[in-house]
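Number of protein chains: 2
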Amino acid sequence: MPSRRASTADQIKDYILTQGLHPGDHLPTESELCERLGVSRSSVREAIQTLSTLDIVEVRHGRGTFVGRMSLDALVEALVFRGVLSPGDDLQALREVLEIRQALDLSMAERIVAALRGTANPSLHDLVDQMVASATAGETFAPQDRLFHTELLGHIDNSLVGQLVTAFWDVHTAVLPRLGLTLPADLDQTARAHRDMLEAAEAGDVDAFRTAVVDHYAPLQRMLDEARPPREDARGAGR
Amino acid sequence: MPSRRASTADQIKDYILTQGLHPGDHLPTESELCERLGVSRSSVREAIQTLSTLDIVEVRHGRGTFVGRMSLDALVEALVFRGVLSPGDDLQALREVLEIRQALDLSMAERIVAALRGTANPSLHDLVDQMVASATAGETFAPQDRLFHTELLGHIDNSLVGQLVTAFWDVHTAVLPRLGLTLPADLDQTARAHRDMLEAAEAGDVDAFRTAVVDHYAPLQRMLDEARPPREDARGAGR
Numbered sequence: 001m002p003s004r005r006a007s008t009a010d011q012i013k014d015y016i017l018t019q020g021l022h023p024g025d026h027l028p029t030e031s032e033l034c035e036r037l038g039v040s041r042s043s044v045r046e047a048i049q050t051l052s053t054l055d056i057v058e059v060r061h062g063r064g065t066f067v068g069r070m071s072l073d074a075l076v077e078a079l080v081f082r083g084v085l086s087p088g089d090d091l092q093a094l095r096e097v098l099e100i101r102q103a104l105d106l107s108m109a110e111r112i113v114a115a116l117r118g119t120a121n122p123s124l125h126d127l128v129d130q131m132v133a134s135a136t137a138g139e140t141f142a143p144q145d146r147l148f149h150t151e152l153l154g155h156i157d158n159s160l161v162g163q164l165v166t167a168f169w170d171v172h173t174a175v176l177p178r179l180g181l182t183l184p185a186d187l188d189q190t191a192r193a194h195r196d197m198l199e200a201a202e203a204g205d206v207d208a209f210r211t212a213v214v215d216h217y218a219p220l221q222r223m224l225d226e227a228r229p230p231r232e233d234a235r236g237a238g239r
Numbered sequence: 001m002p003s004r005r006a007s008t009a010d011q012i013k014d015y016i017l018t019q020g021l022h023p024g025d026h027l028p029t030e031s032e033l034c035e036r037l038g039v040s041r042s043s044v045r046e047a048i049q050t051l052s053t054l055d056i057v058e059v060r061h062g063r064g065t066f067v068g069r070m071s072l073d074a075l076v077e078a079l080v081f082r083g084v085l086s087p088g089d090d091l092q093a094l095r096e097v098l099e100i101r102q103a104l105d106l107s108m109a110e111r112i113v114a115a116l117r118g119t120a121n122p123s124l125h126d127l128v129d130q131m132v133a134s135a136t137a138g139e140t141f142a143p144q145d146r147l148f149h150t151e152l153l154g155h156i157d158n159s160l161v162g163q164l165v166t167a168f169w170d171v172h173t174a175v176l177p178r179l180g181l182t183l184p185a186d187l188d189q190t191a192r193a194h195r196d197m198l199e200a201a202e203a204g205d206v207d208a209f210r211t212a213v214v215d216h217y218a219p220l221q222r223m224l225d226e227a228r229p230p231r232e233d234a235r236g237a238g239r
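Protein chains in written order, with the UniProt record's numbering: chain A, 1 to 239; chain B, 1 to 239.
Incorrect hints may have been included.
Counterexamples of contact, computed for chain B against chain A with all Cβ distances above 10 Å [as the list claims (entries may be wrong)]:
| id | residue |
| --- | --- |
| 1 | G64 |
| 2 | G118 |
| 3 | A133 |
| 4 | S134 |
| 5 | T150 |
| 6 | E151 |
| 7 | G180 |
| 8 | V206 |
| 9 | D215 |
| 10 | A218 |
| 11 | M223 |
| 12 | E226 |
Label pairs and their computed distance ranges (CB to CB) [said to hold, decoys possible]:
| id | chain 1 | residue 1 | chain 2 | residue 2 | range |
| --- | --- | --- | --- | --- | --- |
| 13 | A | E30 | B | H125 | 51 to 57 Å |
| 14 | B | L17 | A | H26 | 34 to 40 Å |
| 15 | B | H125 | A | A137 | 55 to 61 Å |
| 16 | A | S123 | B | A203 | 45 to 51 Å |
It should be emphasised that the hints constitute simulated quantities derived from the structure, not laboratory data.
Glycine included, C-beta positions come from ideal geometry on N, C-alpha and C.
One chain only, chain A, in its complex shape (with noise of 0.2 Å):
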C-alpha cells in the first residue's frame, strides 16, 4: 500500500475520531476533505476507497460518504478466497473454519445457558420446527440456520462473537459448493440438535447443551472426514 494512501486513510480516521462521529454520520465531500486534509483529490478517492473495502466509511451513490457499520465483511471475503484457494491443503482451511466456530460456540456455552434459562423462545423454536420440517423433507435451511446462531447469540453481552461466529458460517456456507461439496445427507442431525441446544439452554442445563453443540456440528465434520484420509493417518503408518 503506498504510504500516501495509508497515510490520507490515517487521516480520514482521525477526522472521525476527532469529530466524534459514529456509524451512519455524514462525512464531508470530497473536495472538503482535500482542503481539509491539504491532499490531492486521487489520494482522497483511494483513501476512501480502502476505508470502504474494511467497512469504516460507507459510499452512498448520490447521497455521499458515511462512517460505515465495521462489520466483519472484509474477513468474510478474504477468508471465502482462503478457504477456495487451498483445496490442495486438503480442505484444511474449511477444517480451521469449523473447528473455529465450534471453539466459540462452546466458550459461550455457559453464557448462553444463563441467558436462556427459564425463558421462553417462540422465535428461536419456530426457526428449529422450520429446519426440522425442511430436513425431513430432504430440503436444505441456510437461511434459518444462520439465523439461529446470530438469534442465540445475541442474547450474551458479547456482540463480536456473533459477528465473528455469522462471518465464519458465511465463510462455511459460501466454500461448500465452491469445492463441489454439497451439504451432508443427514441434515436430520444437524436440524435436530438445534433444537437440543436450544431446549438445554431454556432447562439451564450446560452440559447437555455442550453435548449438542458438537452433535450439530457432527454431520459436516464427518462429510470433511469422508472427503478425504484423515490427517493422522496419512501421517502415522508411513501408508
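Starting from the known structure of chain A, arrange chain B on it as the hints suggest.
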C-alpha cells in the same frame, strides 16, 4: 461498492482460482488483465486496490502484482478502529476482544497440552525469562508476549486460530494507548502466568493450563474493570 468494481474483483479472483495460482505467484499486468477480462483500466485498478486491502493480492511497486498471503491485517485494521471509536461504550469493544482471546486460548487448551506434553521448549522458556526480567525491571514486554502466543499456537494443526489470536492481540495492543490506558501495574502476574502456561503444557496438565490462561488475563481484566464501573452494577441496583 459499485457493482462494476465488485465484479472485476470477482473476475480476478476467478482468474487466480482457474489458473491454480498460489500466494506469491505473479499476476498478469494491468493491461493484460484489461484485455483478458474485457474491462477498463480504471476498473482493473480499483479492483486491484480492493483486493490489495484484503491481502488477496499484493502490489509490489516496480515489480508487479502477486497473489497475496490472505492475512488478517484487514480484520485488525477494522477492529482497531472500532475499538478506538467506541470508548463511549465504556470500553465494551475492548472487553469483547479480551473475552474472545481468552475463549480461543481456553478452547485450544487440550490440543496445546497434548502437543507439548513431555517436550522441552527452550525458545519458549527463553521468552518467559525475558518477560519476567522485564516485569521485574518495571518494563513492558509486548514483542516477547506476542511471540510467545504465536509460537505456542504454532504447535497445533489449525493455523487460523493462531492468526486470529495474534490479530486480536494486535487489536488490543494498538487500542490501549489510543484510549489513554497504560498497561496494568501488575505486569508481574502476566509475565509469570506465561511461565505457568508453559510448564502446565509440558507437564501435560490441562486444568493447570486453563487456570494459568485465566490468571494471565486477570491484570488486563482488572484494568478494564477499574476503568469503569462493572456493567452488572451499573444496571443492577439503579445506582
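Hints, one by one, checked against the model:
1. With a minimum CB-CB distance of about 15 Å to chain A, G64 (chain B) clears the 10 Å threshold, and the non-interface call stands.
2. The Cβ of G118 (chain B) sits about 19 Å from the closest Cβ of chain A, beyond the 10 Å cut-off, so the non-interface label holds.
3. At the 10 Å boundary, the C-beta of A133 (chain B) stays outside the reach of chain A, the nearest C-beta of that chain being 33 Å off.
4. In this structure S134 (chain B) is separated from chain A by more than 10 Å, as the shortest Cβ-Cβ distance comes to about 30 Å.
5. No beta-carbon of chain A comes within 10 Å of the beta-carbon of T150 (chain B); the shortest separation is about 16 Å.
6. For E151 (chain B), the requirement that its beta carbon stay farther than 10 Å from each beta carbon of chain A is met, with the minimum near 18 Å.
7. With a closest Cβ-Cβ approach of about 12 Å to chain A, G180 (chain B) is found to remain outside the 10 Å limit, as its non-interface label requires.
8. Residue placement check: V206 (chain B) keeps its beta carbon more than 10 Å from all beta carbons of chain A (closest about 15 Å).
9. Residue placement check: D215 (chain B) keeps its beta carbon more than 10 Å from all beta carbons of chain A (closest about 17 Å).
10. Separation of A218 (chain B) from chain A is adequate, the least Cβ-Cβ distance of about 18 Å exceeding the 10 Å criterion.
11. A cut-off of 10 Å between C-beta atoms confirms that M223 (chain B) is not in contact with chain A; the least separation is 18 Å.
12. For E226 (chain B), the condition that its CB be more than 10 Å from all CB atoms of chain A holds, with the nearest at approximately 19 Å.
13. Between E30 (chain A) and H125 (chain B) the beta carbon distance is about 55 Å. The supplied range of 51 to 57 Å therefore holds.
14. Checked against the hint of 34 to 40 Å, the pair L17 (chain B) and H26 (chain A) passes, with Cβ atoms roughly 39 Å apart.
15. Hint check: H125 (chain B) to A137 (chain A), Cβ distance near 58 Å, so the stated range 55 to 61 Å holds.
16. The beta-carbon spacing between S123 (chain A) and A203 (chain B), approximately 47 Å, falls within the hinted interval of 45 to 51 Å.
When the structure is compared with the earlier hints, no violation turns up for any of them.
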